[in-house]
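Single-letter residue listing:
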Amino acid sequence: MFYRQAGDFKTTYRDDIQTFPLKQDRWGYYIVLAIAFLVVPFFINDYWTSAVMLPFLIYAIASLGLNILTGYCGQVSLGTGGFLAVGAYACYKIMTAFPDLNIFIVVLLSGVITAAVGMLFGIPSLRIKGFYLAVATLAAQFFLVWLFNKVPWFYNNSASGQISAPERSMFGFAVTGPNADAPVRYLFCLTFLVLLAWVARNLTRGRLGRSWMAIRDMDIAAEIIGVNPLKSKLSAFAVSSFFIGVAGALFFSVYLGAVEVGEAFGITQSFLVLFMIIIGGLGSIFGSFAGAAFLVLVPVLLKNIMVNWLGWPTDIAVHIEFMVVGGLIVLFLIAEPHGLAQLWRLAKDKFLLWPFPH
Amino acid sequence: MSPDVLYTIEVILNGLMAGVMYSLVALGFVLIFKASGIFNYAQGVMALFAAMTLVGIQNGQVPFSHLINAIFGTHIHHFGWQLPAIVAILLTVVVMIIFAILVERLVLKHLVNQEPIILFMATIGLAYFMEGFGDLMWGSEIKTLDVGLPQGASLALEEYTLKWAAEGSEYYGMYLDKLDMVAALVALALVITLSLFSQYTKTGRALRAVADDHQAALSVGISLRKIWVITWCIAGVVAMVAGVMWGSKSGVQFSLSLIALKALPVLILGGFTSIPGAIIGGLIIGVGEKLFEYSIGPLIGGATENWFAYVLALFFLVFRPQGLFGDKIIERV
Amino acid sequence: MNYGTKMASGIEPGAELLRIENISLSFGGVKALTDVSFDIQRGEVRAIIGPNGAGKSSMLNVINGFYHPQVGEVWYCGEKRKGIKPHQIAHQGIARTFQNIALFKGMSTLDNIMTGRSTHMSANMLSQAIWRGAAEKEEIKNRRYVEEIIDFLEIQSIRKTPVGRLPYGLQKRVELGRALAAEPVLLLLDEPMAGMNVEEKEDMSRFILDVQSEFGTTIAIIEHDMGVVMDISDRLVVLDYGKKIGDGTPEEIRNNQAVIDAYLGVPHE
Chain L
1 MFYRQAGDFK TTYRDDIQTF PLKQDRWGYY IVLAIAFLVV PFFINDYWTS AVMLPFLIYA
61 IASLGLNILT GYCGQVSLGT GGFLAVGAYA CYKIMTAFPD LNIFIVVLLS GVITAAVGML
121 FGIPSLRIKG FYLAVATLAA QFFLVWLFNK VPWFYNNSAS GQISAPERSM FGFAVTGPNA
181 DAPVRYLFCL TFLVLLAWVA RNLTRGRLGR SWMAIRDMDI AAEIIGVNPL KSKLSAFAVS
241 SFFIGVAGAL FFSVYLGAVE VGEAFGITQS FLVLFMIIIG GLGSIFGSFA GAAFLVLVPV
301 LLKNIMVNWL GWPTDIAVHI EFMVVGGLIV LFLIAEPHGL AQLWRLAKDK FLLWPFPH
Chain D
1 MSPDVLYTIE VILNGLMAGV MYSLVALGFV LIFKASGIFN YAQGVMALFA AMTLVGIQNG
61 QVPFSHLINA IFGTHIHHFG WQLPAIVAIL LTVVVMIIFA ILVERLVLKH LVNQEPIILF
121 MATIGLAYFM EGFGDLMWGS EIKTLDVGLP QGASLALEEY TLKWAAEGSE YYGMYLDKLD
181 MVAALVALAL VITLSLFSQY TKTGRALRAV ADDHQAALSV GISLRKIWVI TWCIAGVVAM
241 VAGVMWGSKS GVQFSLSLIA LKALPVLILG GFTSIPGAII GGLIIGVGEK LFEYSIGPLI
301 GGATENWFAY VLALFFLVFR PQGLFGDKII ERV
Chain F
1 MNYGTKMASG IEPGAELLRI ENISLSFGGV KALTDVSFDI QRGEVRAIIG PNGAGKSSML
61 NVINGFYHPQ VGEVWYCGEK RKGIKPHQIA HQGIARTFQN IALFKGMSTL DNIMTGRSTH
121 MSANMLSQAI WRGAAEKEEI KNRRYVEEII DFLEIQSIRK TPVGRLPYGL QKRVELGRAL
181 AAEPVLLLLD EPMAGMNVEE KEDMSRFILD VQSEFGTTIA IIEHDMGVVM DISDRLVVLD
241 YGKKIGDGTP EEIRNNQAVI DAYLGVPHE
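Taken in sequence, the protein lines are chains L, D and F.
The opening position of the first sequence corresponds to residue 1 in the numbering used here, with each subsequent residue numbered one higher.
The opening position of the second sequence corresponds to residue 1 in the numbering used here, with each subsequent residue numbered one higher.
The opening position of the third sequence corresponds to residue 1 in the numbering used here, with each subsequent residue numbered one higher.
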């Protein structure tokens, strides 16, 4: 009843191409933003921050990044874990080399460095596609992890081989290090997510986004009508890696505080983020959020049910989690290849027409 | 001969043996890819699952015992019998066949005509599912697999090669694992059996027809679904063989499925549709990574086997995307 | 005005726009084109006809740089072409449609046609990331042009429909729209009427003639329907087994013995 297109006329092209053409959607978006920034910080505690909120925010950034590459540009990557590691180690090196640099800038620079590395590993995409490329990106995954493990310069020769984040603050609040409070860490990550989601939306709706999708849908035709495949693919790799690098930097500095590269950024991370965008919806900004939220919440939920409620041992819960996640991937690919985002769209379309069926 | 040369020969031989193992996994990939155009990421986990099942059946483990114990508060673990290896192997083959049928019924049937990359991602999901399922069924601890294959170094070879080295030099003979040699023989036997099967049986001809052209095969009355079940069965058996070999060598554990990932670069080198390609690709990767680790590894910190295969594949892809044996790809519009 | 329009600005209607000189193309041992030469004049409708497998599509692929002939030269706007990529050729003002529809299936009609406008857009990545300002202005300017094409092709109602869902005839029309959006100097049409019924063919013919007269676009067209080809084209090239067997006005082609033989199937000596 209240959710209607009727009467909401667009008189300029600018109105027509805005992100939320429907008035109600626009308001919904503002309300969600207001709650996220003004209400949530007063209610979250440490458990919720580290179990749900921070992983969600950070994985959402990584999913946005991978979705740009895989969902929009059609280049499947299994190297996400490696690029997260680049972001983390770039962040660590910059933090320790320039202690006075603002942490916000540090995280952005980590993204820039990861973008450069991503472009380097994106070069093979100019010659190969599909799962050939997926295998090539595995090289990034295994090589990068090995590199950070074996070259002491990257972890400043620390005896444990770990890297840990020193304390850095913004506006007088500690953002990283053991003294950082939950709401501050949450807001710091949230700011990055909102900013980057906005950037992702802008890039995907304009010329660059169309050239990515054109390459995805039919690369030869795209080239013949004037899309430069080199620029499109490498820009997709760069933007995607930038996002993933920022996520890696936040993952290390704000979320975990200390990481060991093989554990934190192994191949399972690559799959996890890939699963997020499959379940959420390939080629959808909303899908990146939905997929990240879903796969962060499912294990928490399963663990709560099986371990805390039924009292089963944790390893059984982990095995069942694997089965559930794997099963869901297959199920989504069979039943709804466009993921949660498509379900959401269908629900909205139904609601627009309600109470009429067609 | 100087010990250095002998060492190098030993490294190459060991590389060849490791390569045989990769080839075994790659073989399963090729079979499925040829018959259905599916790049089956789960092949490695299938090997792991088969090995786990084999150990479980052999030791009379109760399936899902952890789960049953958790739900009912019982303490069951074993039936209390020990089966002979050959019976356990046959039962494992049955399990893999049931698995193949289920995969076709529950997954493949619903994904016909999807893009290859979607199918690829579906098999990643399948791999995750199987990993959880296998652990839930048989427990996730590292198991020793023993079906009576010879273990340890071949002493005869060691003694024999000792004579090759120059008098007085420090050399203790060539080290080769007996198990590796058995694996090489088994792989050879497997490849011969498979080629005979596909050349001289009716099902084999149907398999080749489907590999060439799905539509044409359908039009002469070959049932695609039946062929798929058969290929997944064969791939399951090949996975079991690979699982048994790997498992006997280094224990049945999760890392088995990661080692199996190395079959992917093997395929890039050998091509996705060529059985000889899979074998030769496997050997190249095996020898290449052992030689690289032996010669350059110590200079850059070692453990280069983690990534060498992938980086080699990457360079290969950039300069010769069609693989060693593939034809040049002509794109059309 | 983009690079392509500028490049062709010195070429008067009726003057030579593109010249194919002694082109030979083969794949492995298979010869697709053998020593083919012809020209296309600015503003004309030039048809390339011939039986199946005559090398017509290969010819278009040579013209837009997708295939590189082993022998021969391509001259465009008075310049000899050397080693450039298909997307650069698109920037020189050559656009095309495909025999088997090659639309971007996951995108809407509007986005497909907007993609055809790529050669007219240049906002950098940073300004696109921020959107407000240069990128938005450019987007709106080009949207205005695309809307003109949508009007011209009468496809307003499917503007936001994903093209994968459209019927065949409409998809062909969207593809034409995508090519037109580039404001091409030379438009290559590869069997634009294949698989259409008479009514759809009439519509398409009208669009093609309108494009020629309204935008002054030069058109090279491959088409099997002889009735249509003879009606709409100014001059024709006839290919058979990769060789040119006829070149001239519809009237001349009709009376060309070699062409008649090729179509009636006289055995090769």
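Be aware that one or more of the hints could be misleading.
Unchecked claim - Reference excerpt, derived from the structure (chain F facing chain L, CB under 8 Å, subset only):
no., residue
1, ALA129
2, ARG143
3, ARG144
4, TYR145
As the list claims (entries may be wrong) - DSSO-like, lysine-lysine: derived pairs with alpha carbons at most 27 Å apart:
no., chain 1, residue 1, chain 2, residue 2
5, L, LYS348, F, LYS160
6, D, LYS202, D, LYS109
7, F, LYS82, L, LYS23
8, L, LYS129, F, LYS141
9, L, LYS23, F, LYS243
10, L, LYS129, L, LYS231
11, F, LYS141, L, LYS10
Claimed, not checked - Covered stretches of chain L, as calculated for chain D (at least 3 residues, CB under 8 Å):
no., segment
12, 144-151
13, 191-203
Worth flagging that the hints you see were computed from the coordinates, not collected in a lab.
Just so you know, even glycine gets a beta-carbon here, dropped at the ideal spot from N, CA and C.
Consistency of the hints with the structure:
1. ALA129: 5 Å, holds
2. ARG143: ARG143(F) check passes; min Cβ-Cβ to chain L is 5 Å, inside 8 Å.
3. ARG144: This hint holds: ARG144(F) lies near chain L, its Cβ roughly 7 Å from the closest one there, short of 8 Å.
4. TYR145: 11 Å, violated
5. LYS348(L) x LYS160(F): Status holds; Cα separation ~17 Å.
6. LYS202(D) x LYS109(D): 24 Å, holds
7. LYS82(F) x LYS23(L): 53 Å, violated
8. LYS129(L) x LYS141(F): 34 Å, violated
9. LYS23(L) x LYS243(F): 62 Å, violated
10. LYS129(L) x LYS231(L): 16 Å, holds
11. LYS141(F) x LYS10(L): 17 Å, holds
12. 144-151: Three-residue rule met by the segment 144-151 of chain L, so holds; n is 5.
13. 191-203: With 0 residues close enough to chain D, the hint is violated.
The structure does not agree with the numbered hints 4, 7, 8, 9 and 13 stated previously, though it agrees with the rest.
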